[in-house]
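Taking the hints into account, I'd like the entire structure generated from these sequences.
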Amino acid sequence: MIQFEDVAHDYGGGALFEGVTVALDAGSFHFLTGPSGAGKSTFLKLCYGELLPSRGTVLLNDTSLRSMSRDALAEMRNSIGVVHQDCQFLDHLDIRSNVALPLSATGRPVSERDVDDLLNWVGLRAQAEALPPTLSGGERQRAALARAVIAAPRVLLADEPTGNLDWDMSQRLLSLMMELNRMGTAVLIATHDMNLIRTAKSHVSARVLRIAGRKLQSAGSEL
Amino acid sequence: MSAISDQIVPRSGHGAWLVWLGAAAMAFLAVFALALSMSAARLADSWTAALAQSATVRVSAPPAELDAQTEAVLEVLRTTPGIEDARVMTPEEQGDLLSVWLGPDLPLDALPLPRMVEVWETADGPDRQGLRLRLSAEAPGAIYDDHTQWRRPLIDAASRLRAVSGLALALIGAVTGAIIALAASAALASNAQVIRVLRLVGARDRFIARAFVRRMTRRAALGGVIGTALGMASMIGLPSLGPDATSGLGFQGAGWLAPLLVPVLIAVVAWAAAMATAFTVLRGVT
Ligand SMILES: Nc1ncnc2c1ncn2[C@@H]1O[C@H](COP(=O)(O)OP(=O)(O)OP(=O)(O)O)[C@@H](O)[C@H]1O
Ligand SMILES: [Mg+2]
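If you're matching them up, the sequences are chains A and B in order. Under the UniProt record's numbering, the first sequence is numbered contiguously, ending at residue 223. Under the UniProt record's numbering, the second sequence is numbered contiguously, ending at residue 286.
These are calculated hints, taken from the structure and not from any lab test. Glycine residues also receive a C-beta, built at the ideal position from the N, C-alpha and C atoms. Treat the hints with care, as some may be off.
Derived lysine to any residue pairs resembling SDA-like cross-links, with alpha carbons at most 25 Å apart [as the list claims (entries may be wrong)]:
1. A:45 to B:189
2. A:45 to B:282
3. A:45 to B:207
4. A:45 to B:205
5. A:45 to B:206
6. A:45 to B:283
7. A:45 to B:193
Covered by chain B, according to a simulated footprint, are these stretches of chain A (three or more residues, beta-carbon under 8 Å) [claimed, not checked]:
8. 19-31
9. 66-77
10. 81-89
See below:
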């Protein structure tokens, strides 16, 4: 689905990582770890085209993101669900509308039942009519995950989706993501939470990638 | 879905008042420009109609020959095809005409006034060239005047008025477009985060632009309706400028329907200006 070919990224203060060649295939499950500031969020942004790499090529379904028209890029994002580290809501719309946004902003029908089910699953049924700024950090993360999966994406990219959550809720969200993965969605989770990774690996065959020393390494054997 | 695309842009009124107030003012002015244009057309028509089928023969001759020449003129007119009727004006009528220009205390008797013959032409009119030749043969002091030299400048003036009011309408359209474009780019700039989030969930430029443009167009249309209503209300009972109703400024009869187009045109201009601005701005934001 998503392929990196010899990718390097540099915000201007030296390369964060370079020579990255990796493929996230359909139905695969990946974790991305690394120290804070290593470039995990940057890697995710390269995946969905918010950033273009300073070198190398990122391909989605064999098409280079660099060569995509604006409409094609929008089309591509319809099939990718993203949990942003800073959530990115429309603060003047309630949680229900924010969760439905990937459907409503692309002219697809919104099933209120599906939205309610999803809000139930992430434990936000009571906050459906609340505005995002009034939610706690963990509640916002759960809403962000609900929004990322509402449109049944082909790829799910989650940036620290469980960073502010207790263990029970983390596992609940993880099982939601594993469920999606079983139905064919490629999942990539950036996280520091080793317990989460261990739990996932006991259920699905997940690969762990690690950014360290400006390289992307496979860290599967360490765990 | 349409409900959500109406709410996607926050309601915060950055420049909202500018849009509807600007549109209202422009609509108000457009109503006046339109009224001027339509009055000018009407004036040209009525002047043409009033002057077209009438003429005068002015007989200037020494007092001794005046009666004879006047008789000769009437005889020529009676036997000319294309002349419906002819009649000598009484001294009182001539006095009335002149008093408009020279005041009421005119000592008419003391002035060597020419004799005036009022002539009504048929719809086809006479052969004017032939008529003039026959008149100069029968009555050397007679001059046939079919008012062309009056009609031409009046009609020219009316068409100038029309052109000026057309130009005013075009300027009003351009200023409306400029106001909307300015307000649209302000709205887009102050909603950068909204645009960013919409982009991230896969919204196309067209969808984002429409969310902004729809709001703009609606405000402009509302302003247009208000401005037009005020403009039309202020045209009711505007005093007439001439002896008959048709020479009045303003709208008449079915003409009252024309200003109803103003809010529609304002909305169309607003839509086009906002759309063009939105696409230009969105192309510059990644
Ligand atoms: N827009 C930007 N412009 C300049 N530098 C940036 C930008 N975004 C990130 N950086 C820098 O790039 C580095 C990597 O940032 P990134 O957010 O990818 O790290 P991360 O691995 O996600 O960290 P964390 O675990 O804290 O979320 C950081 O040093 C950050 O300061
Ligand atoms: Mg990060």
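Do the hints match the structure? See the list:
With a C-alpha separation of about 23 Å, the suggested pairing of residue 45 of chain A with residue 189 of chain B holds against the 25 Å cut-off. Annotation: proposed proximity of residue 45 of chain A to residue 282 of chain B holds, straight-line Cα distance about 20 Å (limit 25 Å). Between residue 45 of chain A and residue 207 of chain B the CA atoms are separated by roughly 23 Å; this keeps the pair inside 25 Å, and the hint holds. Distance check on the hinted pair: residue 45 of chain A and residue 205 of chain B sit about 20 Å apart at the alpha-carbon level, within 25 Å; holds.
Between residue 45 of chain A and residue 206 of chain B, the direct Cα distance comes to roughly 23 Å. Compliance with the 25 Å bound is thereby established for this hinted pair. A hinted pair counts as satisfied when its Cα atoms are at most 25 Å apart, and residue 45 of chain A with residue 283 of chain B qualifies at roughly 20 Å. Distance restraint check for residue 45 of chain A and residue 193 of chain B: the Cα-Cα separation of roughly 17 Å lies within the 25 Å cut-off, and the hinted pair is therefore satisfied. Three residues within the 8 Å Cβ limit are the bar, and the segment 19-31 of chain A against chain B gives 0, so the coverage statement is violated.
Only residues whose C-beta sits within less than 8 Å of a C-beta in chain B count toward coverage, and the segment 66-77 of chain A has 6 of them, enough to reach three; the restraint holds. Coverage of a stretch by a chain is defined here by at least three residues with a beta carbon nearer than 8 Å to that chain's beta carbons; for the segment 81-89 of chain A and chain B the count is 4, and the condition holds.
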